[in-house]
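Visitor: Letter by letter, the chains look like this.
Protein chains: 4
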Amino acid sequence: MLVIMRDHASDTEIDHVVNLLHEAGAEAHLSRGEVKCIIGVIGDRDVMYALDLEGLPGVEQVVRVLKPYKLVSRDFQADDTVIRVANTSIGGQAFAVIAGPCSVETESQVLETAQAVKAAGATILRGGAYKPRTSPYAFQGLGEAGLRLLKEAGDEVGLPIVTEVLDVRDAETVASYADIMQVGARNMQNFMMLEELGRMDKPVLLKRGLSATIEELLSAAEYILKGGNRQVILCERGIRTFETYTRNTLDLATVAALKTLTHLPVIADPSHATGRRDLIAPMCRAAVAAGADGVMVEVHPDPEHARCDGPQSLPPRDFDALMVDLVPRIEAEGRLLGGEE
Amino acid sequence: MLVIMRDHASDTEIDHVVNLLHEAGAEAHLSRGEVKCIIGVIGDRDVMYALDLEGLPGVEQVVRVLKPYKLVSRDFQADDTVIRVANTSIGGQAFAVIAGPCSVETESQVLETAQAVKAAGATILRGGAYKPRTSPYAFQGLGEAGLRLLKEAGDEVGLPIVTEVLDVRDAETVASYADIMQVGARNMQNFMMLEELGRMDKPVLLKRGLSATIEELLSAAEYILKGGNRQVILCERGIRTFETYTRNTLDLATVAALKTLTHLPVIADPSHATGRRDLIAPMCRAAVAAGADGVMVEVHPDPEHARCDGPQSLPPRDFDALMVDLVPRIEAEGRLLGGEE
Amino acid sequence: MLVIMRDHASDTEIDHVVNLLHEAGAEAHLSRGEVKCIIGVIGDRDVMYALDLEGLPGVEQVVRVLKPYKLVSRDFQADDTVIRVANTSIGGQAFAVIAGPCSVETESQVLETAQAVKAAGATILRGGAYKPRTSPYAFQGLGEAGLRLLKEAGDEVGLPIVTEVLDVRDAETVASYADIMQVGARNMQNFMMLEELGRMDKPVLLKRGLSATIEELLSAAEYILKGGNRQVILCERGIRTFETYTRNTLDLATVAALKTLTHLPVIADPSHATGRRDLIAPMCRAAVAAGADGVMVEVHPDPEHARCDGPQSLPPRDFDALMVDLVPRIEAEGRLLGGEE
Amino acid sequence: MLVIMRDHASDTEIDHVVNLLHEAGAEAHLSRGEVKCIIGVIGDRDVMYALDLEGLPGVEQVVRVLKPYKLVSRDFQADDTVIRVANTSIGGQAFAVIAGPCSVETESQVLETAQAVKAAGATILRGGAYKPRTSPYAFQGLGEAGLRLLKEAGDEVGLPIVTEVLDVRDAETVASYADIMQVGARNMQNFMMLEELGRMDKPVLLKRGLSATIEELLSAAEYILKGGNRQVILCERGIRTFETYTRNTLDLATVAALKTLTHLPVIADPSHATGRRDLIAPMCRAAVAAGADGVMVEVHPDPEHARCDGPQSLPPRDFDALMVDLVPRIEAEGRLLGGEE
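Residue numbers (my numbering), protein chains in the order written: chain D, -15 to 325; chain Y, -15 to 325; chain R, -15 to 325; chain W, -15 to 325.
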């Protein structure tokens, strides 16, 4: 931590800060210039986080240099985390394609989609049973009945499934059906949920919040790892900006940055990020090229009648064409769809 | 709802949209120009929300004109909602000053603060027992022990208390101590929590999410009202923008806008919005002038040693000076601190 | 400046940075912890700005602690700058109300507006002759003819005028009519324009860019002061955020923050910030309370037929009512409309 | 244009809007539901842009459906614009790699860079002679001397050059050296500059403003085309968001979206977008995959001693490695570096 004093801060002010630091068990190293004094602070993570020095007399700015996370960091674990679900993997050499409908609606809808995405090469089936909707008047999902339909469809075609857990009280129920538990963007900082999932032995797909920084995303993942669950997949799904042409702004530089900062797999979700069917294919291509470990794509057998997110869902034939295009790109990056041969 | 067709959309495309609308039970009114055709859609709220037309061939844009909320709207209820807790009120003529520490730390800390803020004129005592923290290594609050200390302090000085419910599973516990249940910014779209609070008979203080639009905030409140609980207080606490000098950007125009859009009381939280002690007083003054129904201010007897948010906490003597300045301003707006004489 | 090295940076990496610093004429002070080494750098402003160390091996982050501006700072000049134009002032005790049409359209329109705003108590007349418009097909202003009409109206009613200079080549022409030269938000970082205005002896009203930080706004002002022109008025006019209900987000905390950071007068422009007529009055009230040195309000005798910004313009009777409300508030803050008695 | 009336707007209010529309020469088509009345407005672009109806009694929202641009649109010209400079092209099948130093510093620096980037396969040489700098104390470029050095280096190695015009008064001078005139992000809405460049017969590289929407970028380009100059290249260089890990947020979905909206070539600038050397290669790869017509990369022979943007500049050997990686990717997309064989 660094404490930057105001120009010409008095000795009394400086001493006061130094005393507080010593009191808290930290070391203080002074650098004094003609106008500025800077105090370098050395101590352990817990001490640092207990100190709030910004408001002290003479203090201009406090810069934290210890990151608020540890276990998720590449410094802590250099090798890629590879997450294995059923017969497929995510991370390392393995590239995942997660596809399926926004929400589970009917048995035939989810089964038809499952068959189509499996045939096209998807490695994991997605589908929402509990839907977070801005308006209480919008379709909220089928609940446990939806989980059952999704699992049956996954079993039928031989794909593991990922689905969102919206309520911490449903975590056990969701876990009894799902292979991967998804935490949605709106719940990225639902710390109680993160702690609960940290105690479970089930991979977690953690979506970046709409206005979450990289540091906040990694800190949210840290909650899960700290609880003992090391199987976390990060997902960039677009951040909220001033641009309204796309629903959100897909931040692919963050995908590349995360690959250097953490050992966890990182995937991209162009469907939610852009909200526009015509941008899904180019953004999947870009995600592969940027180094993502997977993509997540919404597919619906009849997007015009989808109960949710129709405009951003691909019909099966478009998803098929997308996969024909993507697979050689994935391989050209030295990756394997779903992992080892 | 309006469907704006692409330039020179074909008759087939237009007919297709019109047929889908009729199928869904909506009426379609066409306006045709030389290059553009626009379809006005008339139908009820549920039909509208089941329709996702953006992806159809020939469709350029869909504009929703029905709002995703109803019960919270001024159109639904013209008169201000006034919320009464213990012997004080929020809304209508009543202006609330909610003050207290960021987090409850010790019995003496919270009692000392309670006495100070009561003496200075605060109408409600705040304090966090469950703290949402970005890092899992930061202080997470005292939990139920904190609730007990807060309640004892409130009882001792005669102030009702507000505290955050962080986990939906703790809602009953929090309700057994608190007079007002706070939903934090990170949980604004924790819909399960909102539904739970909608079933309870306890006022809710709903904070705007860091990147939530006005429409999303009102829709979140709608979840609570739809469940039967009409006692919701909205709180603007700063939105996330590119500016880093302040922690967030206090959006006072939204306070003024909300007062026209909804009958619910609206307060401002300059402490969290700015994150800087020196900006709290001017932003409280501005909030009063902008028409807020209250302000929320962090006060700590010894900010330098606060375990959380010290830099933005006022020491008691500064809070006292703030109140001396604010009370005449509140009265000059025709408001009464805490409500009727 | 502080150089924060990556965890466990090697001695070679640290030495390399230190050598570069010495080479550049700066001093380096090391603080070493178990995992982190931090280098405090002391040197003069020019040396600091010539150093780009972020890309060096082992360097994690560089924190600049010297601000990129000097002359505009309160540290450089503690007393408020008061700008005098004709018989009125801005800054210090003087509060300015700048009012008039978005664009000058006709002689009668501008004269009628001038009479109305003068009668209501405005201290400066505004009006655009050169209009920056997103679309090349929108009305671009009357040019020099507009300047002439504005000046005639100002002279007629006895108000100094402020108008935007859009093209650096027009600076002399605009200066020959205007009392204050306005730099619009889109030109805040048109450095050539700023330098040109820095060479002139005419007050400048500098509007904050839509996505400009406080530091960038102050640096832009520094360009003008560095050229020799010390008469700069800063104007907060809303920043671009994700919220679309208002045109932009009025950032009043920045007004309060600027008052502590700089000696220059700071005004607010609720018309452009909100883009909504109904929010102008509450935001003017909030600006006064937040400590602004003035407000800028668009007034049009017939907003429905305005060629620009009608939706955010007040008709004269509403402006009159606004002034009746504002004047006592201005005085309650210990300010005087237009300055000394 | 659509005018959405407030719920239960009165007949008088509706008639008033309809009358204003007729008066302005537009047609009005009414769609009336139980609570809402919507008015579809048909008329020509100029009439539409002269109308500002948002403030009228009973009007809730006005939705513009005619875009503020025309000439730049794919609807106006379906075929890709291909821009030819010297012996190389941009657009259509031709992929451009623009490389060179942030700023021209010395003869040897620019020549050495030119030789290196030419050898590696770059098709155009970049370099700044006039530098827009936030602080007036930072290095501002060599001016015309820099232009001369850049041109000499380009001539020497046989590459056309692109450089920024910062001051509209320098446009002729810059044009006498440069093959392509660059408009920087801060000048994207310097409409006078755009108009001046519209009158010239020289390709323009127009960078997206830090907070410019797609519509604003296209409208800025429209200014140039409207003046008669059809040779415009658009450049996505990152937008300003809340994320601070990267300097800005590279918005590749906008690159893909622009390719559908306009016939103009679209390139990406990962150097400025990310501000981090380690993210340039992955973002170049992603840009190629997203369908960009080119990339712009900063290269400096000695980034540690660069006078500007060192941290984001590649040394020649890294640029060389980048090109070895990129060229097969460019060809895999069916593109040719620099155009026809």
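Since the hints were made in silico from the structure, they are not lab data. Beta carbons: idealized from backbone N, C-alpha and C, even for Gly. Some clues are possibly wrong.
Stated by the list, open to error - Once the Cα atoms are required to be at most 30 Å apart in a straight line, the calculated BS3-like pairs of lysine-lysine come out as:
hint, chain 1, residue 1, chain 2, residue 2
1, Y, K20, W, K210
2, Y, K210, W, K210
3, R, K51, D, K51
As the list claims (entries may be wrong) - Okay, the calculated beta carbon distance ranges per label pair:
hint, chain 1, residue 1, chain 2, residue 2, range
4, Y, A103, R, G9, 53 to 59 Å
5, R, D185, Y, A316, 50 to 56 Å
6, D, R153, Y, G127, 27 to 33 Å
7, Y, V19, W, D185, 53 to 59 Å
8, R, G9, Y, A129, 55 to 61 Å
9, W, R183, R, N71, 39 to 45 Å
10, R, D59, W, G127, 43 to 49 Å
11, R, L320, W, T157, 47 to 53 Å
12, W, G212, Y, V19, 20 to 26 Å
13, Y, D(-1), D, R68, 47 to 53 Å
14, W, E128, D, T228, 39 to 45 Å
As the list claims (entries may be wrong) - Just so you have them, the derived chain R footprint on chain W, three or more residues with Cβ under 8 Å:
hint, stretch
15, 97 to 104
16, 241 to 252
17, 304 to 315
Visitor: Tell me the numbers of any earlier hints that the structure contravenes, in ascending order.
Guide: Violated hints: 2, 5, 6, 7, 10, 15, 16 and 17; rest satisfied.
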